[in-house]
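S.K.: Model the full structure from these sequences, guided by the hints.
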Amino acid sequence: MFPPPVRRAALCASLLLQVGAVVVMWLSARAEAGPAVRETIAAAVTAATPDEQREMILSLKATPSPEVVSWLDKWKEGAIFIYQDDEGKATALLLTGSQDAADSYATLRLSDGAPMCAADGSPIRINPKAVDFADTDSGLRRAMKEVADLAALADADPDKRIRAIQDSAIGQNSDKLPALEAVRLLEKNPKALRALEESMAIIRLNSPEPEQRITACNTLGRLHSIAARDMIKSMATETDAATDKDTRTAANHALSAIDSHIATINALGTAFRGLSLGSVLLVVAIGLAITFGLMGIINMAHGELIAVGAYTTYIIQNVFAAGLKLSPFGVSISIPGLNLHSGGNLYFAVALPASFIAAALVGLLLERTVIRFLYRRPLESLLATWGISLVLQQLFRLIFGANNVQVTSPLWLSGNWTVNDVVFGWNRVFVIVFAAAIIAATWLVINKTPLGLLIRAVMQNRNMAACMGIRTERVNMMTFGFGCGLAGLAGAFLSQIGNVGPSLGQNYIVDAFMTVVVGGVGNILGTVISALGIGVADQTLQQYLGNPVTGKILVLAAIILFLQWRPAGLFVTRSRSLD
Amino acid sequence: MTTTPVSSRVHGPILFLAAVFLVVVMPALNCYGLIADFTLNLWGKYLCYGIMAVAIDLLWGYTGLLCLGQALFFSLGGYMMGMHLMLMIGKLGQYKSDLPDFMVFLGHSQLPGFWQPFYSFPFTLAMVFLVPGLLALVFGFLAFRSRIKGVYFSILTQALTYGAALLFFRNDLLVGGNNGFTDFRTLLGSDLRIATTQRWLYIATALLLVAVVAGCKWLTKSRFGLIQRAIRDSENRVLFSGYATANFKLFIFVASAMIAAAAGALYVPQVGIINPSEMTPEKSLEAVVWVALGGRGSLYGPVLGAVSVNALKSWASRAYPDMWLLILGGSFVLVVMFMPKGIIGIPAQIAGLAARLRRRRAEVAPDPAPATQMTDS
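Residue numbers (our numbering), protein chains in the order written: chain A, 421 to 999; chain B, 902 to 1278.
The hints are simulated quantities; they were obtained by calculation from the structure and are not laboratory data.
Every value quoted in this text rests on a predicted model; they were computed, and no experiment measured them.
One or more hints might be untrue.
Claimed, not checked - What follows is a set of in silico ranges between Cβ atoms, one per label pair, in the way DEER data are often shown:
no.: 1; chain 1: A; residue 1: W837; chain 2: B; residue 2: A1027; range: 55 to 61 Å
no.: 2; chain 1: B; residue 1: D1084; chain 2: A; residue 2: I755; range: 47 to 53 Å
no.: 3; chain 1: B; residue 1: P1248; chain 2: A; residue 2: A742; range: 56 to 62 Å
no.: 4; chain 1: B; residue 1: F1042; chain 2: A; residue 2: G835; range: 47 to 53 Å
no.: 5; chain 1: A; residue 1: F793; chain 2: B; residue 2: I1251; range: 18 to 24 Å
Unchecked claim - No farther apart than 30 Å at their CA atoms in a straight line, the calculated lysine-lysine pairs in the DSS-like style are these:
no.: 6; chain 1: A; residue 1: K481; chain 2: A; residue 2: K509
no.: 7; chain 1: A; residue 1: K972; chain 2: B; residue 2: K1050
no.: 8; chain 1: A; residue 1: K494; chain 2: A; residue 2: K580
no.: 9; chain 1: A; residue 1: K972; chain 2: B; residue 2: K1184
no.: 10; chain 1: B; residue 1: K1118; chain 2: B; residue 2: K1050
no.: 11; chain 1: A; residue 1: K608; chain 2: A; residue 2: K565
For each residue, glycine too, the CB sits at the ideal point set by N, CA and C.
M.R.: Have a look at this one:
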């Protein structure tokens, strides 16, 4: 509610009357709009002078509705025709039906929708080229716009209504105030009410009365109106300091309130983006935290296992849709599709386990054929897996083509959620939730299952575990498969937020290794903290430097320096053995 | 890994002959038209890679430090030389300006201060060694001081290279962005696009290679080399014996960076282009592949590996462009798994196999039946 002085000033007598009339008529208009509107428009079309026409259109402001707008649009488009009968009486007509041999159409009267008949009762057909259509001039169009704006304010869809309310503040035209005031009395939606308050205050910033301007400033400051920032800023700088000190003070207050709000929004937005980037890193690195952190294998093909997961998602998506044709090595393979209608949203539920399994299988194959011979030679496992990554990349190129393939993400991922001017994209929220779920699952597997117990035992002391009767070979295999499966999940996940191509994994591999090293090898909690830390640092630097690449380089430099301070990462696994 | 390096078993005269062949015979044959200019130029490139491979081997094969940043030092050397060459273009560029073309294109009207001294060739030559050397010194000091070793060292050098590549891809570093430097004209007053200049560049490369190999051989045979190998085999024992291992490693790291940089500086005028894609971690890994394939822990193996892999690459990427990466990756996996000592180690491996076979035969000799069965089948 506005404080009393504003109210008094705003609601001067004539306006009060008009507003009252608008509201009453609007309420009644919601009950029975149809015929009255058509008659008014028909009368307006055939009215004698442009002034009369204008008057009649403006009278429609009492009954703003989508129907009015649609008729006015027809008028503007030239779809209403004027028929002059023999006595010179003009009637507004609409054309209907299809064209006949004489290029003519059947006609309907605009005023009641009945077929237009001549005196003898035979229907009149007219050729649109032979008769005049209802013309408009700029004055009429302006009047029509006023009516349409008002109709938008009364739209049933709250989002459209809010947009109309916000648009009405553009130009700071005080003529719009009565309508906004009227709408405000009926509005129930809190967001729309807030928008109304904001728009009215923005318009009042332009008011000739200093008192009103000050109140408007206070209101906007309280609302943290970003839209009004520039206007308030110009007010704060242009107002004469000597004569209008209060206005200037109020504007400065409002400005600082809005600026601190913007700073908060930016900080929150940065933190949120950093968190989501950190979550991406985390998802990518968690598999590596198992294979590298726990097992000590430098798996340079980790990125390609991510790509395996992403391509699996791609295949599943196509299986749910129209199928897929591939032609690796000149052999053409055609995978039939299920053509499911709801496949667009459903496939992901299948793709997640499928990508886990696919990547885990590839990982098991690698482990059995190559990596198990290299457990004691970590540097050589680095080189061998790099060779594997080259081979896999080229295989992707040969099977799926060198270009990126299209993975469409479900529709619900593209929306966003705005809280207090901070925008939370659903895809980023999804990233964070997904990362949290993966971490929780991994933690459960490692700490609460028999497999996890075996994994920890073997990783701590392979020989001792073997002496206790644990089949270390098998545990190695399972652990590596599990880590690779997590990489596959990361791939399914990355396919939703980025491109899927043969070099998908290469873009993440360095970051993933850095994350694990910084976190401290062999510690999943360390990986979580380091991923989130790197993500937030990266986004913050980006925000302040305004440049993503410089931010990234600085983060890399910071990591190298960080390792000076803690060479073994955040969380050190202490042991008495001397490597 | 306590066996004597394979290199010591390769005879001196063969190596001497190989050196003479590379330095004298090949250019001479080219002079009389028996070797095409293109081939000689290609070999110049291979030998540059060979020098880089020796630098990697010095670090990896002899000191146990797998550095994935050697391509960075190589291209830094190349960039230094490239800056000089860019200035030597003078007004012959597209825009007929004293400035390098890319600067005109970016809207600069004045040469940035740090480019000015590169008009001088001696300064450039000093920078070729100093810039990568300093980077290696600072990075190595930080890394070795906090005892980062093994795979962590590899991952950190990889990150360093990655970060540097990102930096060099940027236009505002004023070193040509992702196009890098190209379209060179002259070096020390002679036209780079004529065969004679290229031949001299080849000779310089071959000489440098021979010098580097000889120098490294001397170094690794000295007492210093002994400590170096001791560090590789058991750093803690060396440390506990009272040696400051970090300083030894730092010296080797800086020396290796400088050798790679010198190779890069010779590479650029021969290939005619340098851009940031040369300094990516993948390039470093590729170079490590040459060393592993040729045989690390020997100074000739890496050269052999660099030349043979690149010759194979030149051929296969033309004949089977789709298969090339499969061949490289696959052969690499096989070499790591079955030929830990690389090509150079094959004779020893065969000899070992033969010895085992002989021993087995000696054991089964009293009973001739299985032997005849074997010949039958």
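S.K.: Looking back at the numbered hints, which does the structure fail to meet, lowest number first?
M.R.: Every hint satisfied by this model.
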